[in-house]
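Engineer: Chains as they are written, first to last, in the working numbering: chain F, 641 to 1053; chain W, 641 to 1053; chain D, 13 to 144; chain B, 13 to 144.
Treat the hints as calculated values from the structure; they're not laboratory data.
Using N, Cα and C, we set each Cβ at its ideal position, and we do this for glycine too.
Just to be clear, a hint being listed does not mean it is correct.
[Claimed, not checked] Ranges of calculated distance between the beta carbons of each label pair, as one might list FRET restraints:
(1) D:T141 x F:E805: 47 to 55 Å
(2) W:S728 x D:R15: 56 to 64 Å
(3) W:A1053 x B:Y28: 18 to 26 Å
(4) W:E661 x F:D719: 29 to 37 Å
(5) F:H887 x B:D137: 13 to 21 Å
(6) W:D1047 x F:D719: 33 to 41 Å
(7) B:D70 x W:N754: 38 to 46 Å
(8) B:R99 x F:D940: 24 to 32 Å
(9) F:E891 x B:R99: 23 to 31 Å
[Said to hold, decoys possible] Reference listing, derived: stretches of chain W covered by chain F, where coverage requires no fewer than 3 residues with Cβ under 8 Å from a Cβ of chain F:
(10) 656-664
(11) 714-722
(12) 798-809
(13) 942-948
(14) 974-983
(15) 1004-1015
(16) 1024-1035
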Amino acid sequence: MSKQAETLDVERIREDFPILEREFDGTQLVYLDNAATTHTPEPVVETITDYYRTYNANVHRGIHQLSQEASVAYEEAHDRVAEFIGASGGREEIVFTKNTTESMNLVAYAWGLNELGPGDEVVLTEMEHHASLVTWQQIAKRTGAECKYVPITDEGRLDMEAARELITDDTAMVSVVHVSNTLGTINPVSELADIAHDHDAYVFVDGAQSVPNRPVDVEAIDADFLAFSGHKMAGPTGIGVLYGKQHILEEMEPYLYGGEMILKVTFEDSKWNELPWKYEAGTPVICQGIALAEACDYLDDIGMERIERHEADLAAYAYDRLREHADVEVYGPPADDRGGLVAFNLDGVHAHDLSSILNDSAVAIRAGDHCTQPLHDVLGTAASARASFYVYNTRAEVDRLVEAVDDARQLFA
Amino acid sequence: MSKQAETLDVERIREDFPILEREFDGTQLVYLDNAATTHTPEPVVETITDYYRTYNANVHRGIHQLSQEASVAYEEAHDRVAEFIGASGGREEIVFTKNTTESMNLVAYAWGLNELGPGDEVVLTEMEHHASLVTWQQIAKRTGAECKYVPITDEGRLDMEAARELITDDTAMVSVVHVSNTLGTINPVSELADIAHDHDAYVFVDGAQSVPNRPVDVEAIDADFLAFSGHKMAGPTGIGVLYGKQHILEEMEPYLYGGEMILKVTFEDSKWNELPWKYEAGTPVICQGIALAEACDYLDDIGMERIERHEADLAAYAYDRLREHADVEVYGPPADDRGGLVAFNLDGVHAHDLSSILNDSAVAIRAGDHCTQPLHDVLGTAASARASFYVYNTRAEVDRLVEAVDDARQLFA
Amino acid sequence: MYRQQILDHYKNPRNYGELEDPDIEHVGENPMCGDTIKMFVELADDGDTIERVRFVGDGCAISQASASMLSGELHGKSLETVEAMDRDDVADMLGVELSPMRIKCAVLAEKVAQDAIAIHKGEADPVETTTE
Amino acid sequence: MYRQQILDHYKNPRNYGELEDPDIEHVGENPMCGDTIKMFVELADDGDTIERVRFVGDGCAISQASASMLSGELHGKSLETVEAMDRDDVADMLGVELSPMRIKCAVLAEKVAQDAIAIHKGEADPVETTTE
Ligand SMILES: Cc1ncc(COP(=O)(O)O)c(C=O)c1O
Ligand SMILES: Cc1ncc(COP(=O)(O)O)c(C=O)c1O
Chain F
641 MSKQAETLDV ERIREDFPIL EREFDGTQLV YLDNAATTHT PEPVVETITD
691 YYRTYNANVH RGIHQLSQEA SVAYEEAHDR VAEFIGASGG REEIVFTKNT
741 TESMNLVAYA WGLNELGPGD EVVLTEMEHH ASLVTWQQIA KRTGAECKYV
791 PITDEGRLDM EAARELITDD TAMVSVVHVS NTLGTINPVS ELADIAHDHD
841 AYVFVDGAQS VPNRPVDVEA IDADFLAFSG HKMAGPTGIG VLYGKQHILE
891 EMEPYLYGGE MILKVTFEDS KWNELPWKYE AGTPVICQGI ALAEACDYLD
941 DIGMERIERH EADLAAYAYD RLREHADVEV YGPPADDRGG LVAFNLDGVH
991 AHDLSSILND SAVAIRAGDH CTQPLHDVLG TAASARASFY VYNTRAEVDR
1041 LVEAVDDARQ LFA
Chain W
641 MSKQAETLDV ERIREDFPIL EREFDGTQLV YLDNAATTHT PEPVVETITD
691 YYRTYNANVH RGIHQLSQEA SVAYEEAHDR VAEFIGASGG REEIVFTKNT
741 TESMNLVAYA WGLNELGPGD EVVLTEMEHH ASLVTWQQIA KRTGAECKYV
791 PITDEGRLDM EAARELITDD TAMVSVVHVS NTLGTINPVS ELADIAHDHD
841 AYVFVDGAQS VPNRPVDVEA IDADFLAFSG HKMAGPTGIG VLYGKQHILE
891 EMEPYLYGGE MILKVTFEDS KWNELPWKYE AGTPVICQGI ALAEACDYLD
941 DIGMERIERH EADLAAYAYD RLREHADVEV YGPPADDRGG LVAFNLDGVH
991 AHDLSSILND SAVAIRAGDH CTQPLHDVLG TAASARASFY VYNTRAEVDR
1041 LVEAVDDARQ LFA
Chain D
13 MYRQQILDHY KNPRNYGELE DPDIEHVGEN PMCGDTIKMF VELADDGDTI
63 ERVRFVGDGC AISQASASML SGELHGKSLE TVEAMDRDDV ADMLGVELSP
113 MRIKCAVLAE KVAQDAIAIH KGEADPVETT TE
Chain B
13 MYRQQILDHY KNPRNYGELE DPDIEHVGEN PMCGDTIKMF VELADDGDTI
63 ERVRFVGDGC AISQASASML SGELHGKSLE TVEAMDRDDV ADMLGVELSP
113 MRIKCAVLAE KVAQDAIAIH KGEADPVETT TE
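Whenever a hint applies, use it, and build me the whole structure from the sequences.
Structural biologist: Okay, here's the thing in structure tokens:
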């Protein structure tokens, strides 16, 4: 069953990830926690060491050679990321932050806090990650705006009829997760963008779980904003991206204040720098930005369509295998229509216990609420176990997962 | 003249920094731009590669082995940094951010935006970096508060009499740079903290140029907040620190919203996590935090008192040598009382030209306003050249600087 | 981590149930996990010795087994003794090494008992739920 | 980067000074560097050919030498020709390879001239200062 030809040359890919060789008590690691963070391939690690060993320097305004080299690499990293997501405006549409969460907060503070007010509505979905849910909820509170949530269907999809009713001329922002990190649902973001735009609302796409594993084209979606994280796409920790349409980023107020983001400062007032630097105050995430560009190269070399197919295949396989026993509930849409993860519960075994037991077999999954507590309330469970896949995972590893779940079933029988 | 016994075993230290071996057109790099960013020693680079190659994982709530290892290392990194600056409260007083600038903005947003109002005053100094100057200026604007600036004396020191007059019962915050990144002045922060506290104001110490190169004890200073950056202290880019007294951090509202910083979330409202995680929303700067702890070890192994003496020695030497010619103006206090940097101008040569010419001799300095434009207005110049030192610099390198300045003098004669 | 004894306490919790008219009653939760424990305590006439303990709860095996074992341990103890218990006592009781990520599950019951006593003594705010 | 010719233009700027009654006048600055350039242009009777150029300014050798050289180049050119100039023309004029960090210094004068023409033609807001 696990012999089917893989879409990717996984054996070769795995050579780039020495961490996958780790053994616990003689058993090789099976890493299925990729929705939390992915591992970092050698070319990206080498980009990092190369930076520190040969051209580390502060950027933008140093005239000396090291600073020139670092500046050019850092600025070009923005162009590379722009290309990766189809942002034709180039670097001016790409702001480097520290993670998806900060990218959301940037817009919530720079735009939301200034523009929202009583009577305005922010439309979210029941499957939003805390990164957008908590952020908009709190900014709405402070401005008097209101949050509405598009409900999910029994299959774990967005109820698009409800969405059409919830999005009205009062809607100022529609913030939607592209691929749910709990349900695996792939949301019709471009359709939602159309609806939002019909009502002159902006649409913010949370791409944390889509940009890493499928081709994403911001202009095809017509997203006004898109956010994602480096550490979930073979890049380093400490870097996130905010894409914004150029004219919006130009109009918006800055967010963090300080050096690099200004053009002119007096004791009385300040003028802002050009895009995207206006939003990157202080010494930026230089090495992390350059390494993220290398991660884009790495993923493009494999091919985003192929990564998407590979993940879909593993998710479908895991979905089917886990459901061989009736005591396993898998959340979200059916096998043939989901992103590369499966969240599930084994009847009578708390997800935390399950994860501990799986860990005894060196199978690494996540257990908890996956930063979607309100969604878990809707699902009627406090926690779930989640296996999530990436370019280096195999069907044989899914088999290891299923065997370990069998062990747990027996232990708790 | 350059033969004096060094305080540090610089030859041995330099072996940890392969970047210093770089040559441009056959001439070895002289890196004197350390106030902008310092280089990263091999033990820190190896901590980074070790992280990605052996225990990369998301932190805090993963039950599997990798996540446990990463979580423990990341959480202990907070303790290590707390120890480094004498914060007896441990990790609960240490928030990891992406740079000094973000640390400032965190307090300006989480405290300032909520607490400041018309009639309140924020007292800054004329030598503040844009990181604090622009931030407080803009937050004051939004809240109706007012910024006041403690002037500098002709010698480039704070006018403490003026400070005593400016800090009143209307003062809510005193934000002061510990060591000026332009003048090299070492400010009496503990005295300022006393004055501020007499008026029930908080004091925010900008430690970006002090924590890297001298012993700093937040409790001896009695600072309410202290901020600094990893990339200026042998650590990686993408990490900053905010120290805050525990009771203040407990009372303050959170800043960035999202995962990890919450305890409980419903569609309607949220409760916050405990310190310091309440202020670290989303996947944090995991690898960078762990690497910063290693940088603390590296610096402590050398010894912070010795680093301080080494820098003072180089600064005094550079100050004296540059002033051998009357056409050089060096800003700030005299040779025997300054931090490890000298900002100067050569009469008739714009600092940018000077930096370009020095670069032709592989001497890397910074030229510009060093993110202190208003201070440069006070000094009556648009820009200055700045040489700044770190643990690996030598008097011989200062000689190379002085020779290159001589070349520029001749070229422009 | 899952010794037979722990699994047994999880599957067959001791002292499970409610008390009608307890001297002390308190609920605690671990919102991250969804673990909840509600404790009921009856004191002896000296007002200091624990005579009966019951609990109800929901959550992972570690949190529930820990509550079950603790409910037995508490019997006959003075309030002060309970207040002086710490993490190590819980680890000893469970007889396993707890990974850092599971400690909160393990100590929830102990924390609920201690907070309950503090509330009973008027040393803590009675409305607040214990959260770990 | 500092060819003899550049240093010569810096030390002895050509066409330095103001014009009393220029057809076009505009100032630009590079706030990061403190470079400023003010340009004065007189047109021929056709209203399109540049007849006289003067400038005053302050700043680094690259910005000031570039302004001096450009002031000579502009003479006799049509407004359209000037509008069509780009970075490469400036680099050619200076005869050096400009590092990425110094390009803004080098092109300031050209930018001021082009913005001046745009304002003269009513294509740009006359109050704004050129900043690079
Ligand atoms: C005194 C001072 N404060 C703040 C900063 C800002 O640090 P960062 O750019 O790392 O945010 C710097 C460095 O540029 C500095 O020298
Ligand atoms: C859908 C989704 N949105 C946002 C985030 C937040 O990303 P980060 O923690 O990198 O800020 C995550 C990851 O945890 C996610 O899965």
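Engineer: Are the hints correct? Go through all of them and say.
Structural biologist: Hint check:
Distance hint check: the CB atoms of D:T141 and F:E805 are about 37 Å apart, inconsistent with the given range 47 to 55 Å. Restraint check, W:S728 to D:R15: a C-beta distance of roughly 39 Å breaks the suggested window 56 to 64 Å. In this structure the hint that W:A1053 and B:Y28 lie 18 to 26 Å apart at CB holds, the actual value being about 20 Å. Under the hint 29 to 37 Å, the C-beta atoms of W:E661 and F:D719, about 30 Å apart, fit the expected range.
One distance hint, 13 to 21 Å for the beta-carbon pair F:H887 and B:D137, holds here, with the actual separation near 18 Å. Checked against the given bound of 33 to 41 Å, the beta carbons of W:D1047 and F:D719, roughly 36 Å apart, stay inside it. One distance hint, 38 to 46 Å for the beta-carbon pair B:D70 and W:N754, holds here, with the actual separation near 44 Å. Evaluation of the 24 to 32 Å hint for B:R99 and F:D940 yields a pass: the beta carbon distance comes to about 30 Å.
Between F:E891 and B:R99 the Cβ separation comes to about 28 Å, which falls inside the hinted range of 23 to 31 Å. Remark: the stretch 656-664 of chain W is confirmed as covered by chain F, as 4 of its residues place a Cβ nearer than 8 Å to a Cβ of that chain, reaching the required three. Three residues within the 8 Å Cβ limit are the bar, and the stretch 714-722 of chain W against chain F gives 0, so the coverage statement is violated. Coverage of the stretch 798-809 of chain W by chain F is violated in this model, with 0 residues showing a Cβ closer than 8 Å to a Cβ of that chain against a need of three.
Remark: the stretch 942-948 of chain W is not confirmed as covered by chain F, as 0 of its residues place a Cβ nearer than 8 Å to a Cβ of that chain, below the required three. As drawn, the stretch 974-983 of chain W meets chain F at 0 residues by the rule of a beta-carbon pair under 8 Å; below three, the given contact is violated. Figure legend: the stretch 1004-1015 of chain W, annotated as covered by chain F; annotation consistent (8 residues with Cβ-Cβ distances under 8 Å, at least 3 required). With 0 residues carrying a beta carbon less than 8 Å from a beta carbon of chain F, the stretch 1024-1035 of chain W misses the three-residue requirement, and the given coverage is violated.
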